[in-house]
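Undergrad: This is what each chain is made of:
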Amino acid sequence: MAGITLQGVTKAYGSQSVLNDINLDIADGEFLTLVGPSGCGKSTTLRIIAGLETQSTGDVFIDGSIVNETRPSKRDLAMVFQSYALYPHLTVHQNLITPLKLRDLTALERVPLFGHLMPERGKKMSIISSEVQKVAEILKIEPLLDRKPGQLSGGQRQRVALGRAMVRNPAAFLMDEPLSNLDASLRVHMRAELSELHRELKATFIYVTHDQAEALTMSDRIAVMMDGDLLQLGPPDEVYEDPTDIRVAEFIGSPKMNILPAICDEKGSINCLGQKIKVALKDKTKQSLSIGIRPEHLVLQSGAKSSFSGLLTYKENLGSDVFLHLDIGLETQKVVIRTDPQDANSAKIGDKISFGASPNKYLVFDANGKRIDARGRGNS
Amino acid sequence: MQNSKVHYWFIAPALLLMFILLILPVIVAATLSMTDYSLGNSSFNWVGTDNYEKLFSRRSYAKMFSASLTYVLIVVPISVALGLGSALLISSLRIGNELYKAIFFLPVMATLLAMAIVWEFALNPIMGVVNDILRSGCDKRLIYGFFTGSWYGADPLQSWYGAACADRFPIWLGDKRYALGTIAFIGIWQGFGFNMVLYLAGLTSVPRELYQAAHMDGADSAWERFKLVTWPMLGPTHVFVITISSIRSFQVFDTVEALTEGGPSKSTYVMVYAMFEKGVRQNLLGIGSAITIVFLAFVLILTLIQVYFVNRRVHY
Chain G
146 MAGITLQGVT
156 KAYGSQSVLN
166 DINLDIADGE
176 FLTLVGPSGC
186 GKSTTLRIIA
196 GLETQSTGDV
206 FIDGSIVNET
216 RPSKRDLAMV
226 FQSYALYPHL
236 TVHQNLITPL
246 KLRDLTALER
256 VPLFGHLMPE
266 RGKKMSIISS
276 EVQKVAEILK
286 IEPLLDRKPG
296 QLSGGQRQRV
306 ALGRAMVRNP
316 AAFLMDEPLS
326 NLDASLRVHM
336 RAELSELHRE
346 LKATFIYVTH
356 DQAEALTMSD
366 RIAVMMDGDL
376 LQLGPPDEVY
386 EDPTDIRVAE
396 FIGSPKMNIL
406 PAICDEKGSI
416 NCLGQKIKVA
426 LKDKTKQSLS
436 IGIRPEHLVL
446 QSGAKSSFSG
456 LLTYKENLGS
466 DVFLHLDIGL
476 ETQKVVIRTD
486 PQDANSAKIG
496 DKISFGASPN
506 KYLVFDANGK
516 RIDARGRGNS
Chain S
9 MQNSKVHYWF
19 IAPALLLMFI
29 LLILPVIVAA
39 TLSMTDYSLG
49 NSSFNWVGTD
59 NYEKLFSRRS
69 YAKMFSASLT
79 YVLIVVPISV
89 ALGLGSALLI
99 SSLRIGNELY
109 KAIFFLPVMA
119 TLLAMAIVWE
129 FALNPIMGVV
139 NDILRSGCDK
149 RLIYGFFTGS
159 WYGADPLQSW
169 YGAACADRFP
179 IWLGDKRYAL
189 GTIAFIGIWQ
199 GFGFNMVLYL
209 AGLTSVPREL
219 YQAAHMDGAD
229 SAWERFKLVT
239 WPMLGPTHVF
249 VITISSIRSF
259 QVFDTVEALT
269 EGGPSKSTYV
279 MVYAMFEKGV
289 RQNLLGIGSA
299 ITIVFLAFVL
309 ILTLIQVYFV
319 NRRVHY
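Read top to bottom, the protein sequences are chains G and S.
The first sequence begins at 146 in the working numbering and counts up one residue at a time.
The second sequence begins at 9 in the working numbering and counts up one residue at a time.
To be clear, the hints were calculated from the coordinates, so they are not data collected in a lab.
Only a predicted model underlies this, so the values are computations on that prediction, with no experimental measurement involved.
Be a bit skeptical, because a hint or two may be false.
[Stated by the list, open to error] As a list, the in silico EDC-like pairs of lysine to aspartate or glutamate whose alpha-carbon atoms are at most 20 Å apart:
#1 Lys246(G) x Glu232(S)
#2 Lys423(G) x Asp518(G)
#3 Lys293(G) x Glu217(S)
Looking at chain S on its own, in the form it has when it is part of the complex (with noise of 0.2 Å):
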C-alpha cells in the first residue's frame, strides 16, 4: 500500500470534476472581480479592490443589498411559518390532506417565469383581479366597515383601504413602495408549499408515545403539546427549512426579470438580477463577478450557520 500510488486514480475522477465544475469557476470569478475585464476584450487590466469599493460604497449598490436582505426577510419567517402551519394543519386531517398537499405543492412545481406572467395580469393596476376584487368591496358597506375599521368608528379616509377606495388602488409592480413586497409575496406563494412538504416530512418522524406521554403529564391544550413535543422535536426541520429558505429567497431572479427588471428606482435590485444586469446586459464582468463572490459569501454563512446548529444544538 505504502509504494503504491494506484489510490490516487481511483479518487483523482472524482477529485477533477469536483475541482472542474465547482472550484474553478469560483477561482475564476474571484479572479475576474479583481479585473476590468468585459466579454470580447483582448485584454484586461488589474484593477485590485476597486470592484468591492464600489459594491459598498456606491447607493445603488446599497440599494442591492437592502433589496435582497429585506427580500429574504419578508419571505422567509412568512414562507417557513406558512409552511409549518399548513403541515400542522394537513396532518391533523384525516381525509383530504393529499389533496391539499398537492394544491400547496402546485406553485413549487409550477415554472416560476410562466407563473409570473400570470400575475403581472392578474397584478394589473386597471384590468388585474386583484384590484377588481378590491374595489368591489368599497361598496360593500360591510366590508368596507371591516377593512376601514369604521365600525368601530375610525376615521375611514385615515386607513388604507379606505383612502384607497376614495382615490385608487396601488400599482402593484409599478410602485416602489409595494413592488419588492409584491415579489416578496409572489416568492411566498411559491416557496412555502416546499417548506410544507418539509415539514410533513419532519412531523412523521416525531414518535406518537411522545405526544401521549405528553397526554398522561397533562398536557391537555393543543398549544402545550405543541410547545413540548413538536416545535422542540422538529429542530432539525426548523435548520434545514430555514437555511433552503434563506439560500433560495438570495437566489430569487426570475421574478424579478420577468415583472419589474430591478425597477422602480432599484427598489427590487436584488443581487442575482444585479449579477445579471451588470455581468451580462451590460458586459461589465468584473463588477459581476465581485457581486458574485458576495452573493457567495452569504450563502458560505449561512450554511456555516446550519452546520453549526445541526452540530452542536438540534440533535439530541
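The shape of chain G in the complex, shown without the other chains (with noise of 0.2 Å):
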C-alpha cells in the first residue's frame, strides 16, 4: 500500500509533446481516474507510473521515495492491460503463478527439471499455490484453473488479468482501460465490481479511461487530462458541477454539456442570443464569453418573457427520461434538454419550444475557455 506523487513530469518524443508538466499527488488507497479523449497522454502518465517509459523530466515518487530508475517489476506495481495481455500458451493457473515465481523462486530454482532439486523451492511453491488459490477464491476463477486464455470469454480473461495483478498483492493497482474490450452490460457490472474490490483490498487505484461515466462512478477523484495538460484534479461531483475549463465541462457529462456564445458589454451585462442573462461578472470589460448549461439544468416554460426558443428537431427517448434536440439557429451548436416523459409528450418534431435556467446555474468562461466566477441573480 502506498502513495505515488508525480512531479513536473514531462514527455516528449523528439519535438513532439505528449505531457506537460503533470503533477499528482495520489493518497495510499486512493482510486483515482485519468480521464480525457484519446491521444491526451493518460497512458502515457499510466506507463510512466508504471516504469514503461521514461519521462523527459520531473520525478516520480512510490510512498516517498524517488523511482526514476527503478525497474518496472521492483516498483512493486501491478498493471492491468486493456488488452489483458494473459500468456496464451499458459493455463490461467501458470498466468497466476508467474509473476510469483519470478519474484520468489530464484533464476536456479526456475530451472525445468533442476530447479525442483533446489531444497526451498517445494517450501516456496506452495506457498505459491496458496496464494493463487486465494485469489482465483476471491475472483471466482477456480474452475478455470486449467484452462488457456483461448477458452475464456471476455468477462473471464478480465478477472484472470486482475488475478495476476493481485497475486503480488502490490502498493498499487495500474488499469489501462480494462473495461473497454467488454460489451455494454458486463462494462456496467464490471464497474460495480471493480469499485467492490477496491473497497476490499484498500490498495491505491490508478485507471484510465476514455468513458467519462466509468470516471464518475467509480472514481475518488478524477484527473481530467486533454493534449498533454491535467485540466482538473477533483472528487467526480466537484469536476461535473465546477469544472474550470470548458473542455472539462464539455467532456464530462452525458449528454454534452450546452455552450451558448454571449457577449459582454462594458457595463457588465451579458447578452446571449438576444436574451439578457441575469449574471454578474466582476470584471466588467467589453468581451466574447460561452455560457455552459448542463441538459438537467434547463427546463421548458411556455411563453414566458425571459426565455430562448428553439425547433424541435429529434427527440430521443430513454424511457426514463427524454433528451429534446431543438435549433436554436447556431450552425455549430444544437441545444439539449433533458426532462421528464411526461413534460415532452406534447412535443412534436417541428414545435417551437421556449426553455430557460436559473441563472445560477449558469457556467462562465472567458475566450480562452478558462472558467469566470459569475453570480446568478435569483430565478429566471
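Could you use the hints to bring the two separately framed chains together as a complex?
TA: What follows is the structure, encoded as C-alpha cells:
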C-alpha cells in the first residue's frame, strides 16, 4: 500500500510534446481515474508510473521514495492491460503463478527439472499455490484454472488479468482501459465489481479510461487530461458541477453540456442569443464569453418573457428521460434539454419550444475557455 | 440442384489441372519405379519391388540416405537458430535494420549455381581465400595461441588448427571428411536469410503488451522475456520455418552438382543428386523413380508432422 506522487513530469518524443508538467499526488488507498479523449497522454502517464516508459523530465515517487531509475518489476506495482496481455500458451493457473515465480524463486530454482532439486523450492511453491488459490477464490475463477486464455470469454479473461495483478499483493494497481473490450452490460457490471474490489483490497488504484461515465461512477478523484495537460483534479461531483475549463465541462457529462455564445458589454450586462442574462461578473469589460448549461438544468417554459426558444429537431426517448434536441439558429451548436417523459409528451418535431434556466446554473467561460467567477441572481 | 450436373463443370478445370500436373506424374513415377524402363526403349519389364530392395540394401544407397539425413540434420538446426538469432538482433535495432535485412537476404536471392562457382574459388586449397586466411593466422602468436589452445598450455599439435598449420589446410571439397560439411555450410549461408525473414514476420505479430506484462511481472532479463513471451509466441513460425528448411535441405542439388558431383567416395551423394544421376545421366528411370518416391515419402512425412503441430500444439 502506497501513495504515488508525480512532480513536474513531462514527456516528449523528439519535438512532439505529449505531457506538459504533470503534478499529481495520489493518496494511499485512493481510486484515482485519469480520464480524457484518446491521445491526451493519460496512458503515457500511467506507463511512466509503471516504469514502462521514461519521463523526459520530472520525478515519480512511490511511497515517498524516488523511483525514476527503478525497474518496472521493482516498483511493486501491478498493471491490468486493455488487451489483458495474458500469456496465451499458459493455463490460467500458470498465468497466475508466473509473477510469483519470477519474484520468489531464484533463477536456479526456475530451471526446468533441475530446479526441482533445489531444497527451498517445494516450500516456496506451496506458499505460491496457496496465494493463487486465495485470489482465485476471491475472483471466482477456480473452475477456470486449467483452461487456456483462448478458451475464456472476455469477462473471464478480464478476471484472470485482475487475478494476475492481485497475486503479488502490489502497492498499487494500474489499469489501462481494462473494461473497454467488454460488452456494454458486462462493463457496467464490472464497474461495480471493481469498486467493490477496491474497497476490499484497500489498495491504491490508478485507472485510465476515455469513458467519463466510468470515471464518474468509480473514482474517489478524477484527473481530467487533455492535449498533454492535467486540466482539473477533484472528486467526481466537483468536476461535474464546477468545471474550471470549458474542455472539462464539455468532456464530462452525457449528454454534453450546452455551450452558448454570449457578449459582455462595458457595463457588465451579458447578452446571449438576444436575451439578457441575469449574471453578474466581477470584471466588467467588453468581452466575448461562452455560457455553459447542463441539459438537466434547462427547463421548458411556455411563453415566459426572458427565455430562449428553438425548433425541436429530434426527440431521444430513453424511457426514464427524454432528450429534446433543439435548433436555436446556431450552425454548430444544438441545445439538448433533459426532461421528464410527461413534459415532453406534447412536444412534436418542428414545434417551437421555449426554455430557460435558473441563473445560478449558468457557468461562464472567457474567450480562452477558462471559467470566470460569476453569480447568477435569483430565478429567471 | 439435384438434377443439374453443372457443378461438375465448374470444378472440372481445377480437378483436371491438379490431376495432370500433380497426381499423374506421381502415378507415372510410382509405376516406373516398378520397371526397368530406360528412355528410348520401346518396351520394359516389370521388376516388382526390385528397385526398392536395391535402394534399401546396397551400400551406395545407404550412403545416399546418410548423406541426405546428415545434411538435413546439420543445416536445419543451424539455419533455424541463425535465422532466429539474426531476426531477434535485427528487430532490436533502431537504425540500420533494413541494411542488415538486405545483406542477410542477399544469398537467398542470388543464383546458387553462380554462388557455388564463387565458393569453389574461395575454397580452392591452394589459391582459395579461405585457406589463405587460415594460413595467415599460423604465424600470428595471438591467433595461433587462441585457436590451438596453447595459451592455456595445451599441445598445439593436438589441436585441429595447430596440426593444419604444421601440415596443410584441408581440401574442403575434395576430402570426404570435409565435403559434406562444406556443402552444408554453403547451404546454411544460403538459407538462413530466408528463415530470418520468416522470423521477422513472426516477431511483428507478438503483441507489445505481452512484453510489458512480462516487465511488470518481473521478467527483468531479456532471456526471461524471451522464454516467457517470444519463444512460445513464435510457435507457429517455428513449425513453418523448420518444415520449410527441412524440405529445402532435402532438396539440395545445385551445390552438389556444381561442386562435388556426389563425391568424394559418395560422401555428398544426396537424394536429389542421386535421382538426377540415376534417372538422367545413366538413364535408369526405374531406380531413379524409386528414389523419387522415397523422397516424396520423406517430404510427405515432414508435411504431416507440420500439419499435426499446426493443428494441435502451437495455436492458442
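Undergrad: Determine for every hint whether it applies to the structure shown.
TA: Against the structure, the hints:
1. Straight-line distance between C-alpha atoms of Lys246(G) and Glu232(S) comes to about 12 Å, which keeps the hinted pair within the 20 Å bound.
2. At roughly 14 Å between alpha-carbon atoms, Lys423(G) and Asp518(G) fall within 20 Å of each other, so this suggested pair holds.
3. With a C-alpha separation of about 18 Å, the suggested pair Lys293(G) and Glu217(S) falls inside the 20 Å cut-off, and the hint holds.
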